[in-house]
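S.K.: Okay, here's what each chain looks like letter by letter:
2 protein chains.
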Amino acid sequence: MPGGLLTDLYELNMAASYLRRDMDGLATFSLYVRGLPPQRGFLVAAGLESCLDFLASFSFTDDELATLEGMGFDDHALTDLAALRFDGEVWAMPEGTIVYSEEPLLEVTAPVAVAQIIETYLLNQITLHTTLASKAARYVLAADGHDLVDFAFRRTHGTEAAMAIARASAMVGFVATSNVEAARRFDLTAAGTMAHAFIEAFPSEREAFEAFAMDHPDRATFLVDTYDTEQGVRTAIATIEALGLRERIGVRLDSGDLDSLARVARTLLDAAGLPQARVFASGGLDEHEVAALIGGGAPIDAFGIGTQMGVSADAPFVDSVYKLTEFDGRPTLKLSSGKASLPGRKQVWRTIGDGEHRDTLGLRDEAGPPETRPVLEPVMRDGRPLAPPPSIRDALRTFQGELARVPAAARRLEHPEQVEVARSTALLELTAETRAAALAKAEIG
Amino acid sequence: MPGGLLTDLYELNMAASYLRRDMDGLATFSLYVRGLPPQRGFLVAAGLESCLDFLASFSFTDDELATLEGMGFDDHALTDLAALRFDGEVWAMPEGTIVYSEEPLLEVTAPVAVAQIIETYLLNQITLHTTLASKAARYVLAADGHDLVDFAFRRTHGTEAAMAIARASAMVGFVATSNVEAARRFDLTAAGTMAHAFIEAFPSEREAFEAFAMDHPDRATFLVDTYDTEQGVRTAIATIEALGLRERIGVRLDSGDLDSLARVARTLLDAAGLPQARVFASGGLDEHEVAALIGGGAPIDAFGIGTQMGVSADAPFVDSVYKLTEFDGRPTLKLSSGKASLPGRKQVWRTIGDGEHRDTLGLRDEAGPPETRPVLEPVMRDGRPLAPPPSIRDALRTFQGELARVPAAARRLEHPEQVEVARSTALLELTAETRAAALAKAEIG
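Keeping their order, the protein sequence lines are chains X and F. Residues in the first sequence are numbered from 4 upward in steps of one, following the numbering used here. Residues in the second sequence are numbered from 4 upward in steps of one, following the numbering used here.
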């Protein structure tokens, strides 16, 4: 994995200044989301694994240093950057953890130069994965236990994002993905049958169905809407009967009024003595449409979910930031209008038990309120991971354990309410003191 | 570059069936956008270069074939897939070309199996790059000649998307990017100065500014809003004067009321005899805000544009599709409700001259209306590119030549109107004939 140039130029400018001036004080940066999108009552933390991989191998290749020379970095800076590694500490929420506004997903403590350079990559990856996992979680809520399959590859923002949504959706409970490379990489179940083009390439729909089922008897879900959906279902039934298929059979609806077509399909399949045949629906569905179909009783067994999830269409980003909260033993903050930050190394204290989450944002070194547990854990020290990364299955367990505890008003799909996160007395006191010091700094200019 | 597994499972299912049955007829697939997002009056074609790179090296590695064996593909299928290469023909719009609804950005003609497998990757890449280039173009319209810099890296959907927006924004006229790796890869100008953390890491804003300017006298743009913006501008001026800086100086505003703060900054800078100092603005700006600032006369010289562009926040995808339009010498289409397609190998005939575009969607082999030119060009034959890829500069020239000819109603930022694309008589006739044949196919089931 490359490293050093996956950043914004200003990070390198700042790092060069710090290094030249021997400013090697430890900096703590806190990565959090500054106000959730209005369509989100909670987020699902994700992206940590790629951050830790990046940090563990962070360095500049000779080619990268030559590039920087061409951009005006002098010998002093290049020598300093060449020696740079990430040797710091990371605390983070495990992937799959529920996160609310202002709660750190990750905190880095390292010498300020390297802690600064990694900002861009960490923000990029946490934002990507968290945005997508949070969107996928909404489909899980909508589907109410029905199977969900990731179909997003073709319209995600690149192949990296396609891998991310396959992983993120598995992490919240999707049962399969259409993305073959993602299935290989993350050991997921690959799913898929046929497209309209296949039907069109044969002289008739019937011949296409038969050919497909003969070649792939274990995945005989027939796409029935190429010409006429009801006729397509009848053709699928005829094919199933002709070939004597009994298991792993079904029909896929990809257009039109899915509710009524699903009922038609179900009725025809049942009348043919095929209650085990599944009805699969796809076609640009957002989570509200899935919820409406399920809520309305449409007999759909599984959904293929694509673009709307793959780009998190209703909220394609979160307002993630990476803010300096401590430098060289001093707490820090910025006062910028509407974008002020809170000082100090933090911890999220979450209530234990089965009730709805009540969180307190506090300091890492305080005791925490009674009946709470710390949500952020140390995951890297001296630049080395403290444990192998949790599996996607581990993350799914984390997510499932927490989802039920998200306050109902924050969990609903329409107009979710933001969860109020309390601030500990220790944090409030530190903020007041640090603010006063910053105002004094501003006055001395 | 890997290849074969960057696809959806169903593509491989279909390909395996085609290959097993020796169905090696040539298929033509047309990649186009089925109705623009309501916020878009036009799109900017992009992503072709990565598609051609992918096609030129398309194959399956032994590891990839082993993965497919694990997913249930039998020896026959694996042998067939192992031998597969892309040896077809591609016609496409050059990157930077303006494109309207239903106009093919790209058409592939190749044996059906390989033409099918590549669908997912081609759609993914054309969708990514075209979505981002089209969004970036709106900032160019909004900025009305003022400098624009890409600041999007930290919140794009992954690093691949970050490279894509750096490239796409350069293609429509952005002058620089903050993304160091993209600057290296695409030979762009890298830009950037400092973040708030840098100011906070020093005992005072003044000391931070002086340190930075001493270390980087060629990029002395001071971020002035960490504590108090007006005071920050005064501190920047004092630093500029103390160090005797004359060129490449400026201030950056990143929060608050940018219009009034820019006026304050401009007044202070001018009063200090620094008319050459530039005022730079950033902070989550969408294109409407840029247009309002410029339209209102805010004295802002340049804008840093981040998240809103980097995820195309108001329209994060386009409804791109890849449809079979001809197979084995026969035109094809699908009739699916609301998603019908048009048959045949196509061409976009665009009026020549300086007037607004009037396009006709027709067939590749027809003569085209008078006073028009064909927009799609052959770019690959027998799986080999016909020419080296155009440079980003070439694409920018293409874009600039065409932007002025986008109908004014389609070019406006608010409620743009869709451009009506005519259909040629030959296309209409072919559609009617093919539709009749498809209906007949549907009836025979």
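One thing to keep in mind: the hints can contain errors.
Stated by the list, open to error - Label-pair ranges, simulated between beta-carbon atoms: (1) F:Ala245 with X:Asp78: 45 to 53 Å; (2) X:Thr192 with F:Leu29: 28 to 36 Å; (3) X:Asp322 with F:Ile355: 44 to 52 Å; (4) F:Ala316 with X:Thr64: 46 to 54 Å; (5) X:Ala411 with F:Asp56: 30 to 38 Å; (6) X:Arg387 with F:Gly404: 50 to 58 Å; (7) F:Gly247 with X:Thr64: 53 to 61 Å; (8) F:Ser62 with X:Arg426: 38 to 46 Å; (9) X:Ser394 with F:Glu432: 40 to 48 Å; (10) F:Asp147 with X:Asp27: 41 to 49 Å; (11) X:Thr192 with F:Asp368: 39 to 47 Å.
Simulated from the structure, these hints should not be mistaken for lab results. Glycine included, C-beta positions come from ideal geometry on N, C-alpha and C.
S.K.: What are the numbers of the hints the structure violates, in ascending order?
M.R.: 1, 4, 5, 7, 8 and 9
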